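Engineer: Could you build the full structure based on these sequences and the hints that come with them?
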Amino acid sequence: MTASTPSSPAVSAPVPAAPDDDRLPPPRFAFEAWTWKEIAYLLTNLPMALAGFVYVMTVVVVSSALTITVVGLPLLAMGLMGARLLGRFERNRARALLGVRVDEPSSLPLRRGPDGLLGRMWMAVKDPVAWRTALYDFIRLPWGVLTFVTVLTSLFVLWPVLPFVARALSNVDRAMVRGLLSPSDELERRIAELESDRGVVVDTAAADLRRIERDLHDGAQARLVNLAMGLGLAKEKLLEDPDAAAAMVEEAHGEVKLALQELRDLARGIHPAVLTDRGLDAALSSVASRCTVPVKVTADLPSRPAAAIEGIAYFTVSELLQNVSKHSGARSASVDVWRSRDRLLIQVRDDGRGGASLDGGSGMRGLSERLGAVDGLFVVDSPPGGPTTVTAELPWRDRGPDERPR
1 MTASTPSSPA VSAPVPAAPD DDRLPPPRFA FEAWTWKEIA YLLTNLPMAL
51 AGFVYVMTVV VVSSALTITV VGLPLLAMGL MGARLLGRFE RNRARALLGV
101 RVDEPSSLPL RRGPDGLLGR MWMAVKDPVA WRTALYDFIR LPWGVLTFVT
151 VLTSLFVLWP VLPFVARALS NVDRAMVRGL LSPSDELERR IAELESDRGV
201 VVDTAAADLR RIERDLHDGA QARLVNLAMG LGLAKEKLLE DPDAAAAMVE
251 EAHGEVKLAL QELRDLARGI HPAVLTDRGL DAALSSVASR CTVPVKVTAD
301 LPSRPAAAIE GIAYFTVSEL LQNVSKHSGA RSASVDVWRS RDRLLIQVRD
351 DGRGGASLDG GSGMRGLSER LGAVDGLFVV DSPPGGPTTV TAELPWRDRG
401 PDERPR
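For the sequence shown, position 337 (counting from the first letter as 1) is numbered 337 according to the numbering used here, and the numbering increases by one without interruption.
If you're looking for bench data, these hints aren't it; they were derived computationally from the structure. These numbers were taken from a predicted model, which means no experiment stands behind them. All C-beta atoms, glycine included, are put in the ideal place defined by N, C-alpha and C. Treat the hints loosely; a few may be bogus.
To be verified - DSSO-like cross-link-like pairs, simulated, lysine-lysine; straight-line CA separation at most 27 Å:
1. K257 <-> K235
2. K326 <-> K296
3. K257 <-> K237
Unchecked claim - Computed Cβ-Cβ distance ranges for the label pairs, DEER-style:
4. Q322 <-> E236: 42 to 48 Å
5. G72 <-> S357: 55 to 61 Å
6. D398 <-> K235: 52 to 58 Å
7. G72 <-> R178: 58 to 64 Å
8. R95 <-> V71: 35 to 41 Å
9. E104 <-> D300: 45 to 51 Å
Structural biologist: Following this line, the structure appears as structure tokens:
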């Protein structure tokens, strides 16, 4: 007598809605949810590949051949933008049915791109994402026919091993989607960095213009207005009371000196003359002489860098030495500037109380953003109790012929 046990259907472990395709469950003889999704993807390959092939041949190829005519370039630009839409649909299909995690490429910055219709069309024509999508649609027709015929035949003839066949074929599709429809990680990262850096540069320039306007309005302009009023009163009293007029002229002379000093300081804040005439070493020595803490400056530069890099280095050291004067409580400080291959390195040290950080205020954070906007680095090492060491790196660029002092 034999005992029989009731057979139970195979139960599969629950599968997440959208797992990483590298962690998909292995194929089994039992048809699971992911197996059916892969089969659906492979069966729809043929209509999608046929539609993509027809689109590429009729729109992209024909418009490319017509680029010698007036209508060729607009048609090619519109055709490539349409290819982008096809690529988005294919990425969504791969995410839903194959579990492939593919990020969307950055959209074309047509609104911020070159001025004029021709410039925007040329940007669309040069779009690498659209061209890779067009290549994807062009080469997939034979593959779509192969997968459709193989899966459809296997459903009736080789159904016991169909999960393994579907996994092997869909892995090829995953590789094609990653290779042709995925954005370039390095390129996308660089584009994002440049967009962020451009925003920082624009904000910094606007803040500098506001500062200059405020300093002119509240400083030199107000003094010049008072000077004009004083000279007007002195002119009226010149014949009636010469002594009072002479006192007013003397007071006006003092106002002129103060106004000139403020204008000189403002010009130094924009771009100091000593930096243009004598270079970074002399300019940093001038900044150090105005610091309330004794500062030793060492500059070892074989030549002068580009004016923009030189200016950023000057204002970085100037801001750091102002922080040393106001907040550090240091007794001495040092500034070292040197070149290492294609980088300009700056190091400012002080023996103060320490505790400086990029989160401590807008000054340090602003310096970090300014240097980051030109592919520079800004590192603060300031433990409580000191000492503080701030290291800045800037890309080295040689001066052009038109930047050399005359």
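Engineer: All hints, please: hold or fail.
Structural biologist: Evaluation of the provided hints:
1. K257 <-> K235: Holds, at about 20 Å.
2. K326 <-> K296: The given pair, whose Cα atoms are some 18 Å apart, holds under the 27 Å limit.
3. K257 <-> K237: It holds: about 23 Å lies between the C-alpha atoms, which stays within 27 Å.
4. Q322 <-> E236: 42 to 48 Å: Given about 44 Å between the Cβ atoms, the range holds.
5. G72 <-> S357: 55 to 61 Å: Given range 55 to 61 Å: holds, Cβ gap about 58 Å.
6. D398 <-> K235: 52 to 58 Å: Distance hint for D398, K235 holds at roughly 55 Å.
7. G72 <-> R178: 58 to 64 Å: Violated - the Cβ-Cβ distance for G72 and R178, about 32 Å, lies outside 58 to 64 Å.
8. R95 <-> V71: 35 to 41 Å: 36 Å, holds
9. E104 <-> D300: 45 to 51 Å: 48 Å, holds
When each numbered hint is compared with the structure, a violation occurs for hint 7 only.
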